[in-house]
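Peer 1: The number in the numbering used here is simply the position in the sequence shown, starting from 1, with 42 added.
Quick caveat, the hints were computed from the structure, so don't treat them as lab data. The C-beta atom is built at its ideal place from N, Cα and C for all residues, glycine as well. You may find that some hints are simply not true.
[Unchecked claim] Below, in silico cross-link-like pairs of lysine-lysine (DSSO-like), each with a Cα-Cα straight-line distance of 30 Å or less: (1) Lys148 / Lys318; (2) Lys250 / Lys318; (3) Lys231 / Lys148.
[Unchecked claim] Derived DEER-like restraints, expressed as beta-carbon distance ranges: (4) Ser179 / Lys250: 36 to 44 Å; (5) Arg59 / His125: 30 to 38 Å; (6) Leu162 / Gly249: 18 to 26 Å.
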Amino acid sequence: MRADVHIHMVLDGSDWRAAIRRHRTEPDLSRIRETLSRYRELGFGYLRDGGDRWGVGRAARALAPEYGIRYRTPLAPLFHAGHYGGFIGTGYETMADYRALVARAKAEGADFIKIMISGLMDFNRFGVLTEEGLPPSEIRELIRIAHGEGFAVMAHANGARTVEAAAEAGVDSVEHGAYPDGAALAAMKENGTVWVPTLSTIGNLRGKGRFDEGAVTDILAGAMENVSAFAAMGGLVASGSDAGAWAVPHGSLTEEALLAQIDVSPEAGNAALMGKF
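My request is simple: use the sequences and hints to build the entire structure.
Peer 2: Structure below.
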């Protein structure tokens, strides 16, 4: 059985604004069914959604059993207002706001909590993020509150100190995890954090002409080296494509291929996440 532990049903891998408009009034069930059918044909039995605030993941979860797929969603991802995440998630200003959003997620049937705690990679400049991570003290509190309500936590996290802080706080999975150093890798290993490196979001940019090819090549090479090193330490790596992100269509098998190139098996990491989420 295949698993993709990081997708975005609301997005289409091409034009995120148009994709969101398609679902803004109500989820487009025909498009969701078409996508679920594609996953079934490729042998996927487990999908973990990164969330959206329009109910697309929720609708997909309701339909997924018809396709033999176990589907998990946080409903809307949560982000600190004024920081990365506003295009898809629900923002909080204070920790009291965040606590209320976690309580609402619980009441509305979220399967887990997703937090957005850093910016993105700048694909034109190796080693550069669009925004640094939140303060470690805030990261710790976000995870503590969610765990206290019985939720596993998925964290969009880039940058060594952000990844390290999330791992030390006991986050269940780190998504993307760009530019970790030895301390960040050790923190993930020691705390049992599953790393979902979403290599597809880099690898699928090659040859597209949208970003600097040299930078893309360097970013991918560095990411694959770090994932290989983490796996060699005994760290758990899972297969999540970030399907729906630009150039990553639903059903993409690039993630499997890139992990195979560095002899990293995602089976144990996938199993760990399926047991928690």
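Peer 1: Each of the hints needs a verdict: does it hold here or not?
Peer 2: Each hint tested on the structure:
For the hint pairing lysine 148 with lysine 318, the CA-to-CA distance comes to about 16 Å; that is within 30 Å, so the pair holds. Among the hinted pairs, lysine 250 with lysine 318 is inconsistent with the structure: their alpha-carbon atoms are about 36 Å apart, more than 30 Å. Distance check on the hinted pair: lysine 231 and lysine 148 sit about 29 Å apart at the alpha-carbon level, within 30 Å; holds. Restraint check, serine 179 to lysine 250: a C-beta distance of roughly 39 Å satisfies the suggested window 36 to 44 Å.
Between arginine 59 and histidine 125 the beta carbons are some 20 Å apart, a value that contradicts the proposed interval 30 to 38 Å. For the pair leucine 162 and glycine 249, the supplied restraint of 18 to 26 Å holds, since their beta-carbon distance comes to about 21 Å.
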